[in-house]
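Engineer: Construct the entire structure; sequences and hints are all you get.
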Amino acid sequence: MVETAIARDSSVALNRFTLPVAQLVLLGAGYFLAARLGLEFRFQSSQIGVVWPGSAVLVSALLLTPRSSWWLVLAVVAPIHAAVMFDLVPVWRWAWQIVGNAIFAVSTVEALRRVAGDPLHFGSRRQVLAFMAVCFALAWIYAFTTPSFVRSLLGMEAVFEPPTALLRTALTNATAILLVTPPVLLWARHGHHRLSQLPTRQALEVVLIVGSTVAASLVAFGTGPEIVRFPSLLLLTFLPLLWTAVRYGPLGASTALLCVAALSIWGTGSRLGPFVMMTDADKILSLHLFWILMWVPIMLLAATIRERDVAEEALHRQRNQLAHVTRSATVGELSGALAHELRQPLMSILANAQAALRLLSQEQLDLPEVRRILEDIAQDDKHAASVIGRLRSFMKDGKNQFEPIAVESVVRDTLALGHSAVELSKVKVELDIPADLPRVRGDPVQLLQVVLNLVVNGCEAMGRTPPLERRLTLRAMPQGGRFVELLVADSGSGLPKGEEDRVFEPFFTTKGNGLGLGLSICRSIVMAHGGRLWGENNPERGATFHLMLHTESSHDGNGTLDRGR
Amino acid sequence: MTETGLSIAVVDDEESVRVALRRLCVAYGIDAETFASVEQLFDSLEGRRFDCLVLDAHMPGYGGLDAQTWLHESGIRIPAVIITGRDDDEMRIRSREVGATACLCKPIDAEILFGAIRLAVRNSPNHGPIRWSEGLKRPWESPGAEPPATDAPNAVRERHYRPVPGFP
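So the sequences go chain by chain: A and B.
Mapping the first sequence onto this note's numbering, position 143 (from 1) lands on 143, and the numbers just tick up by one.
Remember, this note's numbering sits 565 above the position in the second sequence when you count from 1.
These are calculated hints, taken from the structure and not from any lab test.
Glycine included, each C-beta is placed from N, C-alpha and C at the ideal position.
Keep in mind that a hint or two might mislead.
[As the list claims (entries may be wrong)] Residues from chain B shown here face chain A by an in silico Cβ test under 7 Å; the list is partial:
#1 Glu579
#2 Ser581
#3 Leu586
#4 Leu589
#5 Arg651
#6 Val686
[Claimed, not checked] In silico SDA-like links for lysine to any residue, alpha-carbon gap of 25 Å or less:
#7 Lys428(A) to Ala601(B)
#8 Lys428(A) to Pro625(B)
#9 Lys396(A) to Val526(A)
#10 Lys428(A) to Asp653(B)
#11 Lys428(A) to Arg464(A)
#12 Lys382(A) to Asp652(B)
#13 Lys428(A) to Gly463(A)
#14 Lys382(A) to Arg583(B)
#15 Lys428(A) to Glu580(B)
#16 Lys382(A) to Glu580(B)
#17 Lys428(A) to Arg583(B)
#18 Lys428(A) to Asp674(B)
#19 Lys382(A) to Arg687(B)
#20 Lys382(A) to Val686(B)
#21 Lys382(A) to Asp674(B)
#22 Lys382(A) to Leu367(A)
#23 Lys497(A) to Val584(B)
Structural biologist: Here you go:
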């Protein structure tokens, strides 16, 4: 006992200790790699690299850690920066860089948290634009403080004119953050989750996307100088980027952008691709412009699509909540009938039990009769339990998953749940449901809700019909192989003439007591199932409601309901 | 408490309730005959004499209150107890108006049921066997038969804001 407690304690301590250590090691390795790459990606005569991913890694790390641990991050990064730069630049210069980078990264993160919001998810256009604005603004400010600008301003370094040094430093840092930070953040937060939930079909699509991204980048940046004759080929990279943005949101889009950018650096550095004829300075500027011009529309598109998905999901959630609320209202309306249905078995149980008690007090014990009584009590008890069970499952906040379901079972469940209501309304129900009907696809609880609503409405509409003529007909039939149609016909008062469809409007009611939401929510449920629901008056008397649902096989299996993520 | 010697008719559409009530009556020494519908009861009323009718108010077709109303309006005074699955004040008032002694809500304790029956029998004038030929037509046989307004406010339509005991 004590040992396990100690073991658990030590494992907790180990977790508390190893997890940050692993992350810090990862950060150190990442920063080292980024700095080395930044140094690699510089063209011959340039003092400044094409891109400085080191600052982007630092910004990402700070964004992912709470403020209280920032000193740890900075403490890990500083010696690595020094180690990388040790041989290349004088001590004062890398020390300046370390301090400058730290201030730049911290202020960028603070500004991002304030302006763009926390956490960064790149799922809204506002956040994407704010992220970009902060990156550029801070990178420009930072550029004024770098050794290369200050020294060129003082005339101590002759490699660049001051404005050029400014522009290069700003763009190098800004583009690095634009390209590296979003994928690092998103992968760190959601990458594992998204990957582990990837269905096989989508995994195949991801492979195709990666392949086409690499292929398009190779065509645009990895071919020989002849590419210069067809500069439009540069736009080829746009296609896989669009594909990724549409299908895989900000995570996919930012990753693909990083991939394209990396290959463009590699191609341009290897004297290939469309920028081959330019001076090194122009090459770098062209690359920066290319990245920014790609990044903005692709990330905005991904954000717009994510916004739409989120809105759709919220709508879907609201519809389900509304469906649940109207189900509660239906149960409220049926409460009298349901109470009646429960009181029947309770009556039999009580009468049986009291009869048995009476029998037991008699001198001549009729044991077989007592046995029969007890059997009946058990039977009635089960019946009462089934009434409650049906009610509970109807009130369950559904999992909203479509599954193949037989129309017959929906109708059977409906009539079981509405049994008392139908009976108390003195309505005779006629069923005509062929046994070989194809199954439909839908949410069982919600379909039950729709049919129950139609049945209860039908019964209510027959309040003024003489009891012996109160007839509710449920007829199902296949419609052209792709649909199943269920008709619910009553012999009641019918729909208001000339505005039959108005009964589906919210808050439209012909009853004194209804919310007027029943049919409108029914229609939205059916539409979410890809089906149709409408009503019309019968030639002689009453109304018929038509419910069209997709058959199991015709449905694409991806109804609006379970769309989203 | 023994009601030995009484002969009553029980009308309820639910078989389990019919069986249970008959058992209860037999156990208490009461002679009970059960019917599944008002029509069945009326068909066998001819020449019979029941001390009391126990009528379920809600049945498909004609309800117990309809039956009691017709009997009452036809001047036939048989002691009657209405039993109902719905806790309904209006039902109680109407039952009294048409001469039923009590309107009891299911589930009904044996003491209460038999107490009501005893009261009904004690209060009612001594009545003889029923003769349909004596001017009473079965209501559904008369032309243009409409059920009385008892069930006009549709059962489903009524809303219950009161919590129903024993209901989740």
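Engineer: Run every hint past the structure and note whether it holds.
Structural biologist: Status of the hints after comparison with the structure:
1. Glu579: Hint on glutamate 579(B): holds, closest Cβ of chain A at ~5 Å, below 7 Å.
2. Ser581: holds (4 Å)
3. Leu586: holds (5 Å)
4. Leu589: Holds, about 4 Å.
5. Arg651: holds (5 Å)
6. Val686: violated (20 Å)
7. Lys428(A) to Ala601(B): Holds, at about 17 Å.
8. Lys428(A) to Pro625(B): holds (8 Å)
9. Lys396(A) to Val526(A): Answer holds: lysine 396(A) to valine 526(A) is near 19 Å, not above 25 Å.
10. Lys428(A) to Asp653(B): holds (24 Å)
11. Lys428(A) to Arg464(A): holds (15 Å)
12. Lys382(A) to Asp652(B): Holds: lysine 382(A) and aspartate 652(B) sit about 23 Å apart, inside 25 Å.
13. Lys428(A) to Gly463(A): Answer holds: lysine 428(A) to glycine 463(A) is near 13 Å, not above 25 Å.
14. Lys382(A) to Arg583(B): holds (18 Å)
15. Lys428(A) to Glu580(B): Holds: lysine 428(A) and glutamate 580(B) sit about 19 Å apart, inside 25 Å.
16. Lys382(A) to Glu580(B): holds (16 Å)
17. Lys428(A) to Arg583(B): Holds: lysine 428(A) and arginine 583(B) sit about 22 Å apart, inside 25 Å.
18. Lys428(A) to Asp674(B): violated (32 Å)
19. Lys382(A) to Arg687(B): violated (39 Å)
20. Lys382(A) to Val686(B): violated (36 Å)
21. Lys382(A) to Asp674(B): holds (21 Å)
22. Lys382(A) to Leu367(A): holds (23 Å)
23. Lys497(A) to Val584(B): violated (49 Å)
Taken one by one, the earlier hints fail for this structure at numbers 6, 18, 19, 20 and 23, listed in ascending order.
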